[in-house]
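Residue numbers (UniProt numbering), protein chains in the order written: chain A, 1 to 321; chain B, 1 to 304; chain C, 1 to 505.
Calculated from the structure, these hints are not laboratory results. Hints are supplied without guarantee of correctness; some may be wrong.
Every beta carbon over 12 Å from chain A, so not counted as near; a handful from chain C, in silico [said to hold, decoys possible]:
| no. | residue |
| --- | --- |
| 1 | Asn54 |
| 2 | Lys88 |
| 3 | Arg108 |
| 4 | Val111 |
| 5 | Gln137 |
| 6 | Ser181 |
| 7 | Glu182 |
| 8 | Lys286 |
| 9 | Lys292 |
| 10 | Leu332 |
| 11 | Lys334 |
| 12 | Tyr338 |
| 13 | Lys345 |
| 14 | Glu349 |
| 15 | Gly351 |
| 16 | Gln435 |
Derived coverage of chain A by chain C (criterion: at least 3 residues anywhere in the stretch with Cβ under 8 Å from a Cβ of chain C; other residues may be distant) [to be verified]:
| no. | region |
| --- | --- |
| 17 | 17–27 |
| 18 | 88–102 |
| 19 | 201–210 |
| 20 | 267–274 |
Computed from a prediction, not measured in an experiment: that's the story for all the values here. Where is the CB? At the ideal position from N, CA and C, for every residue including glycine.
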Amino acid sequence: MISYLLRRLAFLAGSLFLASVVLFLLLRLLPGDPANSLLSVGASPKQIAAARHEIGSDRPVPEQFVHWLHQLATFDLGNSFVSTLPVGPEITSRLDVTVPLTLLSFLLAVVIAVPVGFIAAHRSATWYGTLISGISQLGIAVPVFWIGMILITVFALRLGVLPAGGFPQDGWARPGEALTSLALPVITVALVMSASLIRYVRSAALDVLGSDYLRTARALGSSFNRAMWRHGMRNGAVPVVSVLGIELATTLLGAVVVETVFALPGLGSLLAQAVAQHDYPTVQGVLFVSTFAVLVIGFLSDLAQRLIDPRLRGRLSGGTR
Amino acid sequence: MSERTDLNPGPGEAAAAMEPAPVVDSAKEAPATRTRRSPALVTGCVLLGLIVATALVSLFWVPYAPEDTTGGRLTAPGLPHLLGTDKLGRDLLTQLMTGARIALEAGLGAIAIGAVLGICFGLAAGFATRWLDDTLSTLLDVLIAFPTLLLAMLMVAARSASLSSAILAIGLAMTAVVARLTRILVKRVLAQDYITAARTSGTSWPRVITGHVLPNIWPTLVVNLAQQFGLAVMAEASLSFLGLGAPPPNASWGRMLQEAQATVFTAPTGVIAPGVLLVMLVVGVNLIADGLRDTLDPTRRRTR
Amino acid sequence: MRKSVPLLGGTLAVTLSLALTACGAGADKTSDSPSGSYDKNATVGIGSLYEPQNLDNTGGGGQGVTEALNGNVYEGLFKLTDSGKAEKQLAKDYTVSPDGLTYTFTLRDGVKFHSGKALTSADVKYSIEKVRAENSQSARKSSFDMVKSITTPDPATVKVTLSSKSISFVYNLSYVWVVNSEAKDLKTSEDGTGPYTLDKWTRGSALSLARFPGYWGTAATNAKVVFHYYKDATALNNALLTNAVDVVTSEQSPDALDQFKNNPNYKVNDGNSTTKLLLAFNDRVKPFDNVKVRKAVSSAIDNKKLLQSVWGDHGTLIGSMVPPTDPWYEDLTKVNPYDVTLAKKQLAEAGYPKGFSFTLDTPNYDPHPTAATFIKSELGKVGIKVDINVITPDEWYTKVYKNHDFSATLQEHVNDRDIVWYGDPDFYWGYDNKQVTEWVKQAEQSDTTDQQTALLKKVNRQIAEDAASDWLYLYPQIVVANTKLSGYPLNGLNSQFHAYGIKKS
Chain A
1 MISYLLRRLA
11 FLAGSLFLAS
21 VVLFLLLRLL
31 PGDPANSLLS
41 VGASPKQIAA
51 ARHEIGSDRP
61 VPEQFVHWLH
71 QLATFDLGNS
81 FVSTLPVGPE
91 ITSRLDVTVP
101 LTLLSFLLAV
111 VIAVPVGFIA
121 AHRSATWYGT
131 LISGISQLGI
141 AVPVFWIGMI
151 LITVFALRLG
161 VLPAGGFPQD
171 GWARPGEALT
181 SLALPVITVA
191 LVMSASLIRY
201 VRSAALDVLG
211 SDYLRTARAL
221 GSSFNRAMWR
231 HGMRNGAVPV
241 VSVLGIELAT
251 TLLGAVVVET
261 VFALPGLGSL
271 LAQAVAQHDY
281 PTVQGVLFVS
291 TFAVLVIGFL
301 SDLAQRLIDP
311 RLRGRLSGGT
321 R
Chain B
1 MSERTDLNPG
11 PGEAAAAMEP
21 APVVDSAKEA
31 PATRTRRSPA
41 LVTGCVLLGL
51 IVATALVSLF
61 WVPYAPEDTT
71 GGRLTAPGLP
81 HLLGTDKLGR
91 DLLTQLMTGA
101 RIALEAGLGA
111 IAIGAVLGIC
121 FGLAAGFATR
131 WLDDTLSTLL
141 DVLIAFPTLL
151 LAMLMVAARS
161 ASLSSAILAI
171 GLAMTAVVAR
181 LTRILVKRVL
191 AQDYITAART
201 SGTSWPRVIT
211 GHVLPNIWPT
221 LVVNLAQQFG
231 LAVMAEASLS
241 FLGLGAPPPN
251 ASWGRMLQEA
261 QATVFTAPTG
271 VIAPGVLLVM
281 LVVGVNLIAD
291 GLRDTLDPTR
301 RRTR
Chain C
1 MRKSVPLLGG
11 TLAVTLSLAL
21 TACGAGADKT
31 SDSPSGSYDK
41 NATVGIGSLY
51 EPQNLDNTGG
61 GGQGVTEALN
71 GNVYEGLFKL
81 TDSGKAEKQL
91 AKDYTVSPDG
101 LTYTFTLRDG
111 VKFHSGKALT
121 SADVKYSIEK
131 VRAENSQSAR
141 KSSFDMVKSI
151 TTPDPATVKV
161 TLSSKSISFV
171 YNLSYVWVVN
181 SEAKDLKTSE
191 DGTGPYTLDK
201 WTRGSALSLA
211 RFPGYWGTAA
221 TNAKVVFHYY
231 KDATALNNAL
241 LTNAVDVVTS
251 EQSPDALDQF
261 KNNPNYKVND
271 GNSTTKLLLA
281 FNDRVKPFDN
291 VKVRKAVSSA
301 IDNKKLLQSV
311 WGDHGTLIGS
321 MVPPTDPWYE
331 DLTKVNPYDV
341 TLAKKQLAEA
351 GYPKGFSFTL
361 DTPNYDPHPT
371 AATFIKSELG
381 KVGIKVDINV
391 ITPDEWYTKV
401 YKNHDFSATL
411 QEHVNDRDIV
421 WYGDPDFYWG
431 YDNKQVTEWV
441 KQAEQSDTTD
451 QQTALLKKVN
461 RQIAEDAASD
471 WLYLYPQIVV
481 ANTKLSGYPL
491 NGLNSQFHAY
501 GIKKS
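In isolation and in its complexed conformation, chain A is listed as follows (with noise of 0.2 Å):
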């Protein structure tokens, strides 16, 4: 397990270098140069000099990518074009609303999805197993700002009992509103989320349950609720533990739409803004972080996977990924 974990931290290591890599030549690879963004404000050429020199565009390429491997391992992602203060503190502060809201909508769809999609797996034959099918096939076709515009239209326009947007400016300080303010779009992302999740559990269940370790567990004289939590749960899991990693990951990263619809000052509004104010160095920033997160909660799903499931023991990267 020791060694697994090394050669598993070597590998999330080896990536994380590989995504500055891909995301520093994206950036340097697309067309103009970053500091041409300064023109929408009137630059001078002088400024446009101080820009270059400032995101060191100016620099040969290779000095770029060491200065640029510089700035991360120090997280000192230099200063936005646009407010020209600095974006590491920038992002750090966005984390406070689309973290606890990623996790939180995570939550809450396994909450829905793990218990739905058994029932729906166990009682396929019946017209709610059907049913439930039906509403989770619908469900991953509906475009998340779609919901969004619904709740708000109804919780809080309608019946005026939740609010429609924005966050308390004074964040976690006040944990009531902060909650509140999340509840809507909480509620949107996990409805999204656990559509496709059920279709995942059911789908696992259905494997566990047509399974002929079930089916001699029981014949050995197992009640059913006992084969299932012994030899059902963990076989069941490991398919699902895989998919809620890239669920998460997936959560974090929609969160650009669901804080414009809601009016969030999260990590997703932050990139928005930057991108239309063509501002590299807080897109370059947001991006990274981004990443990193995505790339470290990979890893963590991979180390719950070898956890419920020893016989994944041989593989680098369990699971699928």
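Chain A is already provided as a structure; the job is to place chains B and C on it using the hints.
Quick look at chains B and C alone, frame taken from chain A:
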């Protein structure tokens, strides 16, 4: 937007990757011989067909010129504007019809890019030496960690918001997913005894690819691509919703939704109609994907 | 820049407030004060689309920083009144030398910065120089080009010498924030003399101001003001509907107004705006170097219908560059009336009986694409074919504004008194009329405002007759507020939003 804007695997893809299609000896046992009409496939075809038909009709005829602003502000559905007008007096039905075309263009364009690049890349990785394969697959893992939406935003930051930027970004993001799936499938096939047999008997690699590998992997790939199509359509709608897709005055469903938000009470049709069409299209292709999987891959039939 | 710009417009908002600014006039007319009582310790929530980039108006803070801090946190020697006149604020008095070149200002006593330091003439000198500094991104920078020297004979006196006369000098000073010359970080904190201090700025979300107990003037009628920032109009309106904010500084689309008009809890106020939507021709190049062609195009477009479709029943037609709030306003809508027959005739006279085709560079955010679509269908009727080229604000800035590489473009021009740009032949639209240039120059050097007004009226008429651009319409300025609120500014000209008189019951 979670799993949709992202081209990370949908249910079928992950399932397919976990349990790739059974390895069939050759094209002789072509799945077509077992084709059975599945209700999902039929429903899916009907839904997709409706949208495709709408898009085709819009090429030759729309009720009003797309730029015609003579309809009056936010008129209710009725005559002469069947579904009413938007705030600028443009005919909603006309916009929806043109929107169908944009949605399909986005889906097909992204699929084309993703399939061609992804399959080539995946085949290369599948056949590569251990070292190269490891590098490529790690690279793919990292690329998948850059989700579509972010990639697209990056492209928009560099180029400008346009349908082609969006399609390119979605297609590239899809490439990584398709490549990874192709690689896994190729590896499975290559591990089979008959490949070793074929190689021992002197069959050349190109012949192995065309004669054994492709026939074995295409059913799973087609199912996956069908799902990716749905994801691509959804991704384009999200980008347009964010103002990063086809620029106005092009009628993209995502942008129509964004614009209609403000008038959700006064003109609900503007919010409902594009959403319903979007759901129809995506459910349609997903059902087709499910149906195809059932017909092309009998071992998974029992689970669905 | 007043338009709600979903995502992509943000950049240009900055651009134009920096680039297209001439001198300015403003008014802070407010809603009627109620007879009833109000809560002296109320917190007022203000919804806005314009978040500051940073808090320094000479360091790229943008429109948002003016809205939130101008008059609230920072004050000038002068402030603008309802009638657009400069009224003494931190200046107790001033004198002008007979040649009009030397201004001597005496400062008000007992004024303290929020940090506790007393205001001195050195701070005023520093503040004016800050605007004029080489790295200053202030929109008003060019208005102070003629300042030759600033001296401070004593702590209460500032003497400014100009190299040429400038009738707008005092007026322009109302845009100069008086900042503590010892203040360190003006990008994330402040040190002004206004009725509020900065309480907290949460980037991406809100900026709050708290009543300053040591204010030299009348204290604010509320204890705290919170500006809540939204990225699109829908979220903004939702916030108002759900009482997350009490007032919206400027509505950017008529779509949601019905919900407020039909609701007794809200008041919809129609104020004065200075934002004009222009179809700007490149007057240097064919075919738009021909006056007849420009007049034909202007007459072929039904501005009234365009305004109706974009703004419903709001907004005004102006027929020229000057809005009714500028002293030199005149109704010039008749100069190039909507008349398709006339347009066809002029086209024929100009040598284009069958019309022509041109590319219209259109910024990618509303209302531009809408207007472009409309113009395309209108001009089609007289045989002119329009290719709509949708571009980003950055492209617009580089292609149109800097390189003058365009035939015609659409753009909103935010500022008041910006007619003076027609006197600059190097401006992006390339209107070059020597007489107009001369009039504009003379106007700035006038001895009296009457003289200035008379000259600028001539300019206005001339550019209309030359159809230098096609002035499609003047935006409305709509402030929607909860009926519990009174005393809020209605016009919000030049993006100011003075909150100190707002009363909440």
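Find the hints from earlier in the document that the structure breaks and name them by number, from lowest to highest.
Checked against the structure, the hints that fail are numbers 1, 5, 17 and 19, while the rest are satisfied.
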